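If you're matching them up, the sequences are chains A and B in order.
Every number in this note's numbering is 408 more than the matching position in the first sequence, counting from 1.
Every number in this note's numbering is 1 more than the matching position in the second sequence, counting from 1.
Hints in this document: simulated from the structure, not taken from any laboratory.
Given the structure is predicted, the values throughout are model-derived calculations rather than measurements.
Take these hints with a grain of salt, some might be off.
[What the hints assert, rightly or not] Below are the BS3-like pairs computed for lysine-lysine, each with C-alpha atoms no more than 30 Å apart in a straight line: (1) B:Lys396 to B:Lys352; (2) B:Lys396 to A:Lys554; (3) B:Lys352 to A:Lys637; (4) B:Lys396 to A:Lys637; (5) B:Lys146 to B:Lys124.
[What the hints assert, rightly or not] Here chain B is said to cover these stretches of chain A; the calculated rule only asks that three of the stretch's residues, wherever they fall, bring their Cβ under 8 Å from a Cβ of chain B: (6) 601-611; (7) 722-730.
In this text, a Cβ means the ideal position worked out from N, Cα and C, and glycines have one as well.
In case you want the letters, here they are:
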Amino acid sequence: MTALDQSGKTTARFTVRPALLVPIAAVGFAALIGLGLIALIGVPVHDAIAAFIDGTVGSAYSIAASINRSIAFALVGFGFVLANRANLTNVGGEGQIAVGGIAATAVALDGHVSGLPLGLAFILPMLAGVIAGAVWGAIAAIMKIKAGTNEVISTLLLSFIGVWLLYWCVQSPALLRKPMTSSATLPESLEIPDETKLPLLTGDYSFPLHIGLPIAIVIAVVIAVVLSKTILGLRLRAVGLNPVAANRAGISYARTVIFALASAGGLGGLAGALMLLGEQYTLKDGFSSGYGFDGLVAGLLARGSVTGVIAAALLFGFMRSGGINMEMVAEVPTALVVVIQGLIVITLAGAALFIERWERK
Amino acid sequence: MSMTSGTQTASVEPLLSLEAITKRFGSFAALSDVSLELRPGEIHCILGENGAGKSTLCNLIFGVHRPDSGAMRFRGVPFQPSGPADALSHGIAMVHQHFSLVPDMTVVDNVLLGRERGVLNRKQCARQLEKLAIDYGLPLDPYAKIEDLSVGERQRVEIVKCLIRDPSLFVLDEPTAVLLPDEIAALLDVCRRVASSGRAVVLVTHKLAEIKKIADRVTVLRGGRVVATSATPAADIDALVRAMIQGNVEALDSSAASVLGLAPVQRARRDRSTTTKTEALQIDGLTVRDSQGVTRLDNFTLTVDRGEIVGVAGVEGNGQSELTAVLSGMMTATGGRIHLGEAELTGLAPKQITAAGIGIVPEDRHAVGCVTGMSLAENIYLNRLDEFTRFGFLKRTALQREAAAMMQRFDVRARGPAATFFSLSGGNQQKAVLAREITLPNLTCLVAAQPTRGLDVGAVAAVYDHIRAASTRGVAILLVSSELDELLSVADRIVVLYRGRIMGACAADPARREEIGAMMAGHAQDHVQGNLHA
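Here chain B stands alone, though its shape is the one from the complex:
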């Protein structure tokens, strides 16, 4: 299905063209028969859900993978990059989803890494950086250490690392996932400037709002195939979404839609004024200092009532990880106490915390949430394996039967309960982890950290449904997320974390988005309110 093809740019010689590219990993076709043209001066957005093949496409262009069939042409000449170095030498640069910077080194040194031979010319490099700063609006202190920079500034370093090579094609893989709202706007501005200097920019994203703002053309991938290309995305955003998720936009969960940027955020309309408040989780003065003595969490105090959903907002790295690690018993707090109802949980081991009735959906699914080398059934019951033993022998049939029932209930799609966990898609893995934690027999509190990260729309909606259902059952829910839209549409109340401290708290009201955004950037609540009302 091809929509309007660009009429005004069709005559331009493409910079890079992909012709019927297919890439398989084993029997799985990550990309099938993908054709695409990238033209100088355009911002080309690649849209698709997780697992649609976006990253594979980028990696092919950048020479990380080689296609199984099909051909690429760069400036009209057949192009088969032997690796990233080869792609770079052709003038193709890429900013990966995960930063590859050495935290201990300065901006200049990171930029020089892998470029210079012999003597480092830091001064010359710093001058180049200043020029780029002016040309593209990328202010950076060349001699600042990476570890002292914010996430947005670190990304600027990655971008500068690419631009200093003067690339003709610039690929950004999901660059906005980690940024604050105003940082996203600044990044899109940089993309526009880069494109207007005659380069082609490829922007990979799954957020439609960004596409609306910036894209010249859009290619939508689904299941490794190009399902739509369009010249003017704003014209038919609904069609794009339909192409992306192969479903009815109207039927989308409203929260999932708003996180995607499809619909305005709607306040979760839940009247809690009549329900009697019973305190479930009480966190009192929780403080965490790391081994270097840096305070990661500073006097964090919060109460979550039964049936309440409290959101913890903030840019990542502001104490959220420490908060969930302490609540799950994986880290010992330097100070403060945790109670669940009457029971004190301070300093208990994970096993006892689970027994007390706290379910944990950890932010790092792979490191903490599951054992990817084991089966789905074993993972779903990882914390309750004892229930499936007789004289120390594992009752595998019973385990698989129960797990199959869970798969049905939580819509976990896999070949079967015996499937290896890593063969599942991210969404199904997360649903399995959620299933395990939310079905704890005496669940009174659920701590969910970034529960929808990297999930596709369907899975996001399912996760919200389960969280809401649990809260209706009276479970207290602490939802930690860096997606403000998610918190605004799911939570009842939001607290904002900045450098380990609570900057303020307010109702999860979309009307207060600016206020919350300012607190996320480190402005105190009363100050923010004063400014907004002035």
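For reference, chain A alone in the conformation it holds in the complex:
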């Protein structure tokens, strides 16, 4: 990206590294195509843009909702990056969110929990979500160690089990479905008690940012430190790069794989718990829909970087919120936002290749 001036000499007009410019250009390019598609289906483009902006940053509420959404994406993305350091690909975020949500709801609805002091009323359901997700991840790890099952397959299939487990839980009155008072009673759980709901940072429902934000920030810092500064991070990397040599050097393959996948699963479970305890309050079928996969894509795009996950998660979080508003106000199908998101992923991946070649020069 150097420009030729009249004398024919190259002048370095851009001193900014393309690593920063290229992703922005990629997002812009995808957005342009999206707008073109919107125009094609006959929706006035400025209406759509207005609705999109309104849905993302138009109000305090929409900003907080977008950030809350981003938190769930980011947690799944962090888990992906952590496991990926050990060369493991966790695509089971969807199911891990589902079981995390189920466990959090079950514990929150337990009569004893809501009476607990010191915030334990919401901490316990949250931990239950983490544990459930971790168990979900650990199952895939054990299958890999004992039988060599590829974790891509096992985590994906475990996702289906998790999602259908959720369906079963909200359909069966014996499990979490609220008592049926009429045949029209929805297949969902009771609303969780107020004490078990996550405290809002401002205490104001018009800006519903909840305590999940500081939790996610702490987790981001911890993971960044673990990956770059601790022996644990080094072991993950050694196992990821060469499991045979790592094993010869006394680094346990089994323990590392279990740790990596259980952590990734636990973070997915936490995402599910936060969604349930912080926003939705009742467990519904499909409450996790697409979050696990968006988080996975955030992790993929970040290419190992925690900051990258945060950036991608925020991008997707705001886009989803804007997209939902576009559908409601401007009657643009949300599917289009998903298409644009897909375009962004592809252009960003292409851009990454471009940056690599650029920097090799």
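With the hints as your guide, set chain B onto chain A.
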């Protein structure tokens, strides 16, 4: 520095000429300004240490890489092969260092692979193979499966695959590394026959003995440059070596020199009769069967005393890999026991084996010995990273400081302890692995498998020095190697492995080379001795 230029062949039109070829990989110049002529009917040896650019040169000729500058001419016409297929169609064939055969298929099918379109004509191909067998002395059963063939026979298949295309230029990249002594002689004979039919043969090697025997002309590469060309190598072999290693031949470690083929092998003169024997490593009836039920290691029994160096000789693939894998805890034996002193190590995990005091230099440096994507410092302390932590945090400064000290002690050359391991040369990588294993605090036994493979002379000498020093300190050493010269000059005692069984044992005496060679080929020791003495 150019020595005698060939006077009798100078008038011959060259088949392939390279003019001022330069090839860079990133900022690293693998070849700089290399000019070379290959003439029909000659055997042209390319000599050089590892990393001198020999393989890059072959790959340029074969169209795998393209030069950054300079030109090639083939039969006088500019030649820019777009890839191996293009080079092949011009009549250039190459046998690579690593075989590319499908083990499950027959010789004929492997030869036909990639050649035929439509219906396979196996019969015709088999007839062609028989003709080649007679013409060049390459006997092969066309319908044998590759997996049933010995390494030497497999190489014959690779050669036949090339010859059946009737190439005018035939390139062999380090073809003798995997062969038995008499197989090497047979291969050189084949090269001579191929050349005498008017083809040009390029033989890449780092063994001078072969060059002495066969070369018409020699080109010596060092650091990507041509440092010498000569017509008659035998005339000034010392000059060639000097050109190759840029050093004094006399100052060379005698073992390293003998492995290179420079000097006759000298017995390691170590009198061990007065030292008291303490058994360190005891291997008792070790047996390994693979998943198909094939016995890979058969009742292997051996004791290595403290301070003793025992060599395990044998052609590769005769159970050596299984032996080291079991000793390092990477594989579970089907039967047998391992003791180190009083402690039983049978079936222990790698971590416990390291803790017990066994150091392992694995034969496959990259797969087992190191994590190439991590730093040199992390690799040197890969099995002792726990020593550099506080509350789980890695003390990176301390790690790098200690690693820097190790680099100094073992002469590991790199940009620094933080350099990525794969940026190191093979020799320095091996020195780093050796440093890690040989500095285990309670080292009582060192198992080194093919420790000098692919290393240059300087690194080879360094590896021997460290192994000898360890043995002087009382460490029991098991040296597994397919280089008989290496074992004869470093070990005290040699056992020979053939198809997983010990064929015999004897002192590492160069005078018994023939006996050992015969055992490597599968003849029982008493039988061999009977023949030799008859």
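Here is how each hint holds up against the structure:
1. Pair hint B:Lys396 plus B:Lys352 holds up; C-alpha atoms about 22 Å apart against a cutoff of 30 Å.
2. With a CA separation close to 34 Å, the supplied pair B:Lys396 and A:Lys554 exceeds the 30 Å bound.
3. Taking the CA atoms of B:Lys352 and A:Lys637, the gap is near 23 Å; set against the 30 Å cutoff, the hint holds.
4. A distance of roughly 8 Å separates the Cα atoms of B:Lys396 and A:Lys637; the hinted pair therefore holds under the 30 Å criterion.
5. About 16 Å separates the Cα atoms of B:Lys146 and B:Lys124, which keeps this hinted pair within 30 Å; it holds.
6. Remark: the segment 601-611 of chain A is not confirmed as covered by chain B, as 0 of its residues place a Cβ nearer than 8 Å to a Cβ of that chain, below the required three.
7. Coverage of the segment 722-730 of chain A by chain B is violated. Counting CB-CB distances below 8 Å, 0 residues qualify, and the rule asks for three or more.
Hints 2, 6, 7 from the list above are not met by this structure, while the remaining hints are.
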